[in-house]
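Next come the chains, spelled out residue by residue.
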Amino acid sequence: GENVEQHPSTLSVQEGDSAVIKCTYSDSASNYFPWYKQELGKRPQLIIDIRSNVGEKKDQRIAVTLNKTAKHFSLHITETQPEDSAVYFCAASIDYGQNFVFGPGTRLSVLP
Amino acid sequence: NAGVTQTPKFQVLKTGQSMTLQCAQDMNHNSMYWYRQDPGMGLRLIYYSASEGTTDKGEVPNGYNVSRLNKREFSLRLESAAPSQTSVYFCASSWRDRAYEQYFGPGTRLTVT
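These protein sequences, in sequence, are chains F and V. Sequential numbering of the first sequence, starting at 1, is according to the numbering used here. Sequential numbering of the second sequence, starting at 113, is according to the numbering used here.
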């Protein structure tokens with residue numbers, strides 16, 4: 001079955017710097033890759049996603065890139081702010097979401 | 113419009129006890145999901161229901177049963193709780209043709225002693 005790895009497990013950046021989180025997946029049939037943000041004690045929330053027919057997608061300060069050949073995708077956050085501090089989860093699905101496999105998460109801390 | 117609601121928020125069980133976690137959504141979604149979240153392991157899918165009347169196993173179904181009571185409600189039952197089932201449980205819902213856009217409930221923190 002699908003296996004999703006995520007690195008780093010923790011990441012600290014200075015406010016205003018960029019943050020990059022990488023995920024790799026094992027099943028080449030995976031076709032949908034969302035990113036979720038989970039603030040402490042709260043529910044996960046979808047922040048951006050990408051489908052396998054697209055190489056890059058941007059939404060304001062957040063972007064996701066996908067390399068299907070290498071089977072990895074990355075989350076890029078520019079001009080980080082303290083409210084970006086959270087745990088970020090990547091996921092992969094072979095059926096556009098019915099059966100997600102999540103990565104273990106990255107705890108991002110944005111230092112003022 | 114409450115979105116996805118879960119009860120209870122917290123629960124402590126002794127090994128061998130049973131309980132049912134409740135989930136309801138008011139967004140008229142077709143599909144509903146149960147996940148568990150353990151430290152350092154992300155979210156793992158237990159069961160999902162693509163539409164009313166159907167349920168399917170996810171990644172970690174052993175020790176759990178589910179019931180899709182109607183379109184709004186999807187319950188998760190632990191028949192004989194074990195310490196390994198100590199976790200935070202999240203319910204989620206989505207449109208069937210937009211399964212990628214899942215909305216999560218606030219979670220239930222379950223401790224089995």
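Hints in this document: simulated from the structure, not taken from any laboratory. Just to be clear, a hint being listed does not mean it is correct.
Claimed, not checked - Which chain V residues face chain F? A few, computed with CB under 8 angstroms, are given here:
#1 Gly152
#2 Phe202
#3 Gln214
Just so it is clear, CB atoms sit at the ideal spot from N, CA and C, and this is done for glycine as well.
Taking the hints in turn, this is what the structure says about them:
1. Satisfaction of the interface hint for V:Gly152 is found here, the shortest Cβ-Cβ separation to chain F being roughly 6 angstroms, below the 8 angstroms cut-off.
2. With a least beta-carbon distance of about 7 angstroms to chain F, the hint placing V:Phe202 at the interface is held under the 8 angstroms criterion.
3. A least Cβ separation of about 7 angstroms between V:Gln214 and chain F falls short of the 8 angstroms threshold, and the interface hint therefore holds.
Taken one by one, the earlier hints all hold for this structure without exception.
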